[in-house]
Amino acid sequence: MDTLFAIFQVASLVLILALLYHPLGEYMARIYTSTKDLKVERGFYRLIGVEARSEQTWQSYLRGVLAFSVTGLLFVYLLQRFQAVLPYSLGLPAVPEGLSFNTAASFVANTNWQSYSPELTLGYTVQIAGLAVQNFVSAAVGIAVAIALVRGFARRKSGTIGNFWVDLTRGTLRLLLPISLLGAVVLIASGVIQNFNGFTEISTLSGGVQHLPGGPVASQEVIKNLGTNGGGFFNANAAHPFENPNAWTSLLQNVLMLMIPFSLTRTFGRMVGDPKQGHAILAVMATIFVTSLTFLTYLELKGAGTAPQLAGAAMEGKEQRFGIFASTLFGSTSTLTSTGAVNSMHDSYTALGGMMPMINMMLGEVTPGGVGSGLYGMLILAVIAVFIGGLLVGRTPEYLGKKLGPKEIKLASLFILVTPTLALVGTALSFGIPAIRADVEATSIWNPGVHGLSEVLYAFTSAANNNGSAFAGLTANTPWLNTALGIAMLLGRFIPIVFVLALAGSLAAQDKVPATAGTLPTHRPQFVGLLIGVTLIVTALTYFPVLALGPLAEGLL
Amino acid sequence: MSSPRTRIRHYWVALRAMLIFTVALGVLYPLAVTGIGQLAFPAQANGSLAKVGGATVGSALLGQSFADADGNPLPEWFQPRPSAAGAGYDAGASSGSNWGPENADLIAAIEQRKAQIAEFNGVSPGDIPADALTASASGLDPHISPDYARLQVARVAAARHLPEESVRALVEAKIHNRDLGYLGEPTVNVLQLNIALDALKG
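Protein chains in written order, with my numbering: chain E, 27 to 583; chain F, 3 to 204.
Worth double-checking, as some hints may not be accurate.
Unchecked claim - Reference excerpt, derived from the structure (chain F facing chain E, CB under 7 Å, subset only): (1) Y13; (2) L27; (3) L30; (4) T36; (5) G56; (6) G60; (7) W79; (8) N105; (9) E121; (10) V125; (11) A139.
Think of the hints as simulated: they come from the structure by calculation, not from any bench.
All C-beta atoms, glycine included, are put in the ideal place defined by N, C-alpha and C.
Work the whole structure out from these sequences, hints included.
Below you can see the structure in the form of structure tokens.
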């Protein structure tokens, strides 16, 4: 009976996303292929000194991405360092250097890992003028890079892949801002707060004292989800009733997280001139999504483990209004996109249930992944899958009419090595260097035993894959973790972008080769199966050993 | 290959773009949303405050403590779930316990809560629902399950010298079904139930 409610919930989500798929996907394709600028855009280009009609080589596009992101990093860092003198800081002092770096890296890298507790650390000005701005623009950067790669497939004999500043501006102004304005109003109507009241002291019904928080929450909540950022206005993130007051707003937030990543596959199909290619990618993403969600829901519903069995259900760290189903749906969506928001505490999930968000992130945030980053990550895996398919039948691999030679395969291989290396090396160093291990064990780890290893593994997996969710018992506000995770987030974001844009440049320069009888069709179920296989096998081979030391050991012993 | 000058030019563009984005997205956008929110939905935008006789007694969305200064639950009020926010329902420190499923502290806490709630309400430990034994994700969960509300009826009625049937009827009236009939779980809002309970006395 209860299972029926869970199925209805997922069915509504699928229905809403299906209704959005075509119009949103086509709209995004028009945004990034249109040759007309809005009046306000022309004014903006004049002010920043950009010639909108001039196209960029991949190197120039990359330099734009990096210059913009470095500037953002400095901006957010300095805002935090000067918090004490900014208005609406709620009397909070400057944020310390290490934490400021970690937070700036986190929001510029579209990760939104939070080493800090927002209520105790950040005033309104840093939240809205620093963090929320990055929530918009880091998302727009991700989509821009994905579009650049799609142009690489779509163009022939082209030396350029678009103009970064135009893509950035259009993504922000035409896509993210209007949906955010609309979404924020709906969230407010449903109970999410939006004010500048600070804390209000009230006398409770039984005569106690409570300090009710205020804040511009709705405006931030909507873009945190839409841009797959994930950083909460409050420490409890989307479990806080002021961020996510009921099961309906929770479903709406799932929609916000998923609408752009899924619909981008339509944009991709449209831009390469064959929507079926987009459907194949969508099928891969959706299959893995539904499978992962089913596993997590089953595991939490079963509630294995000493504490859940004793309590009668795995309700530790879950809100009554969400229960198991709305919690596992949000947890799956948030970790399968690169959002990392939570409406339940993953640290308190059952041992094997808690492994699912970790595996979701280890997949590389491609099903459907973050805005833009999910699509470019999946297209890289498609390149690998075509290569493997080509080896099996002994032909030169081609994808969408482009030959995948040694250069392209090298770039794709380097791409998929980056995040596992960061996640595993970071975890290994945390336990391998005696002094750091002592600090991590004494200060950072919250739960004893193998669960503690899971907390650190989760943290580095989350940072390297730009997710940002946590096994939140971990105290990450230490010199080692602030620095190491900050570096992992930056490298995990921008090194893959270098390879993606290099690949885009290399593909754009090629002519298209006509499909022959020997070309592997990449829009059929056979290819969908191959791509699912590649996605899972790459992840499994990389991470199985360390999963065996953490959640598997805890859940199976 | 570009010259150093064009490379620096990227930073000059980036700086100007970041300044304009900060004004547009970091100032104008949140102010516009606040303006719309305060005009169209002032009650929600300001935290869905719950009032009794004109005085604010909390937010309908945030749980609050119904314990005495020493943290002992008061029998005349319906009790919320355990809370890991500060010392309990500290609205400035939202948090879950983050204890893992095999954590000895969590296991001990659940055992202790089970014994306390059974004794406090005069029920069998086996009848206590899971939400009563576990801390929520936010530490500010305003709700309990209908089962946990029903379990507290006899105790509350006795403490207030009210007929059990009228308290029971009140609880049933305060059960909020799933959103849209199928989303989430049925809930009882503890603050709103307790406010109505006070009115019942008068």
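To see whether the hints hold, each was checked on the structure:
no.	hint	verdict
1	Y13	holds, 5 Å
2	L27	holds, 5 Å
3	L30	violated, 10 Å
4	T36	holds, 5 Å
5	G56	violated, 13 Å
6	G60	holds, 6 Å
7	W79	holds, 6 Å
8	N105	holds, 5 Å
9	E121	violated, 17 Å
10	V125	violated, 14 Å
11	A139	holds, 3 Å
Violated hints, in rising order: 3, 5, 9, 10; the structure is consistent with all others.
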